[in-house]
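There are 2 protein chains.
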Amino acid sequence: MARNKYPEETVQLILDVAFRLFMKKGYEHTSVQDIIDQLGGLSKGAIYHHFKSKEDILAAVTDQMTRESNQMLAVIRDRSDLNGREKLKAIFSESLNRPVQNDLFTVAPDFQNNPKLLFYFMQDTVKNVAPNYILPIIRQGISDGSIETDYPEQLAELIIFVINIWINPMISGGSADESYRRFQVFGQMMRGLGLDIVDREMLGRVRELASIYQKNRCQKNR
Amino acid sequence: MARNKYPEETVQLILDVAFRLFMKKGYEHTSVQDIIDQLGGLSKGAIYHHFKSKEDILAAVTDQMTRESNQMLAVIRDRSDLNGREKLKAIFSESLNRPVQNDLFTVAPDFQNNPKLLFYFMQDTVKNVAPNYILPIIRQGISDGSIETDYPEQLAELIIFVINIWINPMISGGSADESYRRFQVFGQMMRGLGLDIVDREMLGRVRELASIYQKNRCQKNR
Numbered sequence: 039m040a041r042n043k044y045p046e047e048t049v050q051l052i053l054d055v056a057f058r059l060f061m062k063k064g065y066e067h068t069s070v071q072d073i074i075d076q077l078g079g080l081s082k083g084a085i086y087h088h089f090k091s092k093e094d095i096l097a098a099v100t101d102q103m104t105r106e107s108n109q110m111l112a113v114i115r116d117r118s119d120l121n122g123r124e125k126l127k128a129i130f131s132e133s134l135n136r137p138v139q140n141d142l143f144t145v146a147p148d149f150q151n152n153p154k155l156l157f158y159f160m161q162d163t164v165k166n167v168a169p170n171y172i173l174p175i176i177r178q179g180i181s182d183g184s185i186e187t188d189y190p191e192q193l194a195e196l197i198i199f200v201i202n203i204w205i206n207p208m209i210s211g212g213s214a215d216e217s218y219r220r221f222q223v224f225g226q227m228m229r230g231l232g233l234d235i236v237d238r239e240m241l242g243r244v245r246e247l248a249s250i251y252q253k254n255r256c257q258k259n260r
Numbered sequence: 039m040a041r042n043k044y045p046e047e048t049v050q051l052i053l054d055v056a057f058r059l060f061m062k063k064g065y066e067h068t069s070v071q072d073i074i075d076q077l078g079g080l081s082k083g084a085i086y087h088h089f090k091s092k093e094d095i096l097a098a099v100t101d102q103m104t105r106e107s108n109q110m111l112a113v114i115r116d117r118s119d120l121n122g123r124e125k126l127k128a129i130f131s132e133s134l135n136r137p138v139q140n141d142l143f144t145v146a147p148d149f150q151n152n153p154k155l156l157f158y159f160m161q162d163t164v165k166n167v168a169p170n171y172i173l174p175i176i177r178q179g180i181s182d183g184s185i186e187t188d189y190p191e192q193l194a195e196l197i198i199f200v201i202n203i204w205i206n207p208m209i210s211g212g213s214a215d216e217s218y219r220r221f222q223v224f225g226q227m228m229r230g231l232g233l234d235i236v237d238r239e240m241l242g243r244v245r246e247l248a249s250i251y252q253k254n255r256c257q258k259n260r
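In the order they appear, the protein sequences are chains A and B. Each residue of the first sequence is one higher than the one before, counting from 39 in this note's numbering. Each residue of the second sequence is one higher than the one before, counting from 39 in this note's numbering.
Some hints could be false.
Since the list can't tell identical chains apart, any single copy or any two copies may satisfy a pair.
Simulated crosslink set (DSBU-like; lysine-lysine; CA at most 35 Å straight-line) [as the list claims (entries may be wrong)]:
#1 63 / 90
#2 92 / 127
#3 82 / 253
#4 90 / 127
#5 253 / 127
#6 253 / 165
#7 92 / 82
#8 82 / 127
#9 165 / 127
#10 63 / 165
#11 165 / 62
#12 62 / 92
#13 253 / 62
#14 63 / 253
Think of the hints as simulated: they come from the structure by calculation, not from any bench.
If we strip away everything but chain A, and leave its shape as in the complex, we get (with noise of 0.2 Å):
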């Protein structure tokens, strides 16, 4: 295996790899020989090269998780064409509609065998997205007085762990029906912080990304 030709794809596989076999088994129960073992001959020294332990790869797996939708959540907030509203509503309508989520609600991170995992996601959520996405966007509501609160760092961490970790059927569980009912109520949620921006479109591409979320599941479980 070249790994010294081409590091960034030896990087690549390791990751991949080894998103597999935590999704699979598990975080603790995955141990760095069983990745080096489909790495298809790679040896222990050259994971070591790049990673300094599974904690360090963990951290990379979840890196490549959320740099996608970090570039995403970038794009909008830089947008000069759109209030704070506006922003927030695109960031929902974008986030729901990228055609990867269907790819995740099929892979099913499954968040329930994997605390760890679990925990890093809710770290970036309050320590990541809330500050350096959400929060810079309300900012802007708040001076073109498209959104009101005297608290705009505690507000963006509110709306992003309601929409990332409780309305998550990967991380709460529920029913497609249930996933659709919490988006629901984090809707009648904004409308009472005065932010109306939970539309039908939304609401329909929740209840369908639930739906493939549940059908992976029970194919796993068979």
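Position chain B against the provided structure of chain A, taking the given hints into account.
Just chain B now, with coordinates in the frame of chain A:
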């Protein structure tokens, strides 16, 4: 050690020791042998007489953490002198004011090193507290006219999820001041949902608990 004479005391001792070790070293880094080593001569067989596995001990530890709180919730749920909205308010107020909260925030369970404990706690919130304690109160509120919603199950989940997970400094981190601001935004969210139940006294108590927690974290990390 008279394990057959006082089985309840033995179980309690195992749970106390296990809880302390999980908090100190983290669940993943605590072995059953570590627990035995601190039990003053109890044999491995004796511990396995009471618990099938380390995971089984963890489940019992979390059970114990939530049992007392659940009893308090049940008492309020079953009162006949309050309407639904008043019961919700009583739950928040009593939860915050229980003296045991001071102990809990002093021990300061470190969920950040205990993703598995975090996961149990989240499961308990969504699958036990929401349907068994908050939901009956919301249903009562719907019939007595003090609460309005088309999705009682999901509203119960949202409220308790936000308060137990997002506002909880043991999980989401943050200073005393940040916890106070989170609770302010929670109050705003509840008012938006037609539930004006967060008052000044609760806000003061949240700040106090978050201070206790911060103080003890700082001492621990010295």
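- Query: Checking residue 253 and residue 127: alpha-carbon separation at most 35 Å within a copy, between copies, both or neither?
  - Reply: Close inside one copy (28 Å), not across copies (39 Å); limit 35 Å.
- Task: Measure nothing new, just compare the shortest in-copy and cross-copy C-alpha distances for residue 63 and residue 253 to 35 Å and report within, between, both or neither.
- Result: Answer is within: at 20 Å inside a copy they meet the 35 Å cutoff, but 39 Å across does not.
- With 35 Å as the alpha-carbon cut-off, assign the pair residue 165 and residue 62 to within, between, both or neither. both (28 Å within a copy, 24 Å between copies)
- Query: Is it within, between, both, or neither for residue 90 and residue 127, if the alpha carbons may be no more than 35 Å apart?
  - Reply: Result: close neither inside a copy nor across copies, 40 Å intra and 49 Å inter.
- Message: Cα distance capped at 35 Å. Does residue 253 pair with residue 62 within a copy, between copies, both, or neither?
- Response: This pair counts as within: shortest intra-copy Cα distance 17 Å, inter-copy 41 Å.
- Message: Cα distance capped at 35 Å. Does residue 63 pair with residue 165 within a copy, between copies, both, or neither?
- Response: both (28 Å within a copy, 24 Å between copies)
- Task: Evaluate residue 92 and residue 82 at a C-alpha cut-off of 35 Å and name the case that applies: within, between, both or neither.
- Result: Both: 12 Å inside a chain and 30 Å across chains, each within 35 Å.
- Item | Homo-oligomer pair classification [residue 92, residue 62; C-alpha up to 35 Å] | both (16 Å within a copy, 22 Å between copies)
- Between residue 82 and residue 253, at a C-alpha cutoff of 35 Å, which is it: within one copy, between copies, both, or neither? Neither: 37 Å inside a copy, 43 Å across copies.
- Task: If the cutoff is 35 Å on CA atoms, where do residue 253 and residue 165 land: within, between, both or neither? Let me know, please.
- Result: both (32 Å within a copy, 21 Å between copies)
- Query: Under a CA distance limit of 35 Å, which applies to residue 63 and residue 90: within one copy, between copies, both, or neither?
  - Reply: both (21 Å within a copy, 21 Å between copies)
- Query: Given a CA cutoff of 35 Å, do residue 92 and residue 127 count as a within-copy pair, a between-copy pair, both, or neither?
  - Reply: So residue 92 and residue 127 fail the 35 Å test inside a copy (38 Å) and across (45 Å) alike.
Violated hints, listed in ascending order, are 2, 3, 4, 8; each of the other numbered hints is respected by the structure.
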